[in-house]
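Participant: Going down the list, the protein sequences come from chains A and B. Under this note's numbering, the first sequence is numbered contiguously, ending at residue 240. Under this note's numbering, the second sequence is numbered contiguously, ending at residue 349.
Every clue listed holds true.
From the derived model, a few chain B residues whose C-beta atoms are all more than 12 Å from chain A:
1) Ala-47
2) Ala-295
3) Glu-326
Partial list, derived from the structure: chain B residues whose beta carbon lies under 10 Å from chain A:
4) Arg-115
5) Val-118
6) Pro-122
7) Gly-126
8) Tyr-128
9) Asn-136
10) Ala-149
11) Pro-169
12) Ser-182
Calculated from the structure, these hints are not laboratory results. Glycine residues also receive a C-beta, built at the ideal position from the N, C-alpha and C atoms.
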Amino acid sequence: MNLRRVRAVARKELLDLRRNGNVVSAMAILPAVFVVEPLIQAFTLTSRAALALHHDHVLLYLLAVPSLVPATLASYTVVGERTQGTLEPLLSAPVRRDELVLGKALAVLVPSVLVSYLLFGLYLTVVELFAKPQVVSTVVQAPDVAVQLVFTPLLVAWSTWVGMAISARAKDLRAASQLAIVASLPTVAVTLLVAFAIVPSGLKVALGFGIGLFVLDRVGWRVVTGLLDPERLVTGIR
Amino acid sequence: MPAGGRAEATQRAGAGQAAAVATSALTKRFGDRVAYEEVTLEVHEGEVFGLLGPNGAGKTTLVRTLTTLVAPSAGHATVAGLAVTEANALAIRKRVGVMPETPGLYLRLSVEDNLRCFAELRELPDAAAEVRRVLEVVGMTGRARDPCGALSKGLRQRVSLARALLGSPSVLFLDEPTSGLDPGATREVLALVDELRQGGATVVLTTHRLEEAERLCDRVAILATRLRRVGRPGELRRRLFGAALTLRTAGPLADPGALLGGVPGVQRWRASAPSTYHLEVDDPRHAAPALVRALVAAGADVLELTEERHSLEDVYLQLVSKEDARR
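Can you build the whole structure from these sequences, using the hints too?
Facilitator: Laid out in structure tokens, this is it:
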């Protein structure tokens, strides 16, 4: 693994991303919706209702954000290059497949993690500063904050691999983007089930999910590397 | 290109030179469809080699095989001294430069950023300096900061060529470098390729513009799924059409059979018009002076004596139409 080549791919992807207004806005709008709704909830919740929610993990609702943010970006990585004709020169360059995949994944992962943490931090700050004390103690629980911090990169990575796998197989950019969002919904559903205490939570469950996601992320890298078959991608046949 | 340069390049392409690219019975099939088959050829170091053929002849797929994007179904090949295998893919890509048919530039990025990325992928010690160098080669130094999306098609082709030149690769593959360009832009790109050949670069050029191949290539291969012929354009012309002279006189010759048939080196002759004669000869350099002497001695008034020139297009059409007839 050559880190210089990985960095070169990631740098190029990030530069291109920064100048692609459509992708950036698509990346920002959907997660913002997921933050606005809980903010409204936090400010309209009465102290008594907040007390009733004390055993829920309301904060984990925000784990939907890292599940959704990378979807659009990741879905663009391969099919986007293919449709704009830049994939062949890139695949002809002296870069290994796993390096190419990692460089592209990092360019999705880093901004997605940053956006997720930013939105989470924004939510916590607003709630801490302006919500009723009873609501703050219900919503902001230390273990949930820790889960949020640890699971954000794991979920981002998982959604990235799923989005990239779809992108490597897709022939149409729009279809890839929609499929990637649909594919991230099961992850969103699981986080919601935990947030609303339908799936029991606890240290063991968190560890189980964490290890499971970590393993899936490693497998995802390999799978996407396998899917980046130059012959199929440049000829459309195989 | 100066005549000396061309002669030098032709000499360099001669026997005994190391092969920059060699293929042996190379074949690629996609299921039942044959992209190309049984292709055996050699491209010598310092040679500009043209791959000619109609659309769908397998030229681009052959280039993609040689640049390790597409795996061959049978046969073998070496590029820059390395066997074309999955294991050697990275090493081969480091030694070759590829200019695909479409420039494939990141249109939102500047020219410099586009090239910088590929220079980094080649692990060049001073990527910035190398980017400056190739921009100078293609005459784009002043446009380094421009977004590629703001460039004309011709300028994008130049950037694509600059990208292929990064790291001074041993072999350059140029796939239809003038495709879709207007005559002005075509001339500019061809002038750049001409400069490369003068500099001694090994270039494999695919095209279906025959005048381009005739002007630039030391040797050409005509590919129509199978390899039809390989050789210097002049050789191919001679092999297919032989050498011939056209003679025009002020009036019909009194006894053309005795006069023309008696000239050494003239194989056959026929009158193509009342005072115009077509002569098949062994070697025009010897036959023409002998013919002029004989005509003057016979008192004939010569208006014109020219060597018949068949273009590479004639060669190409002859070979490709033969193949069509066979099908």
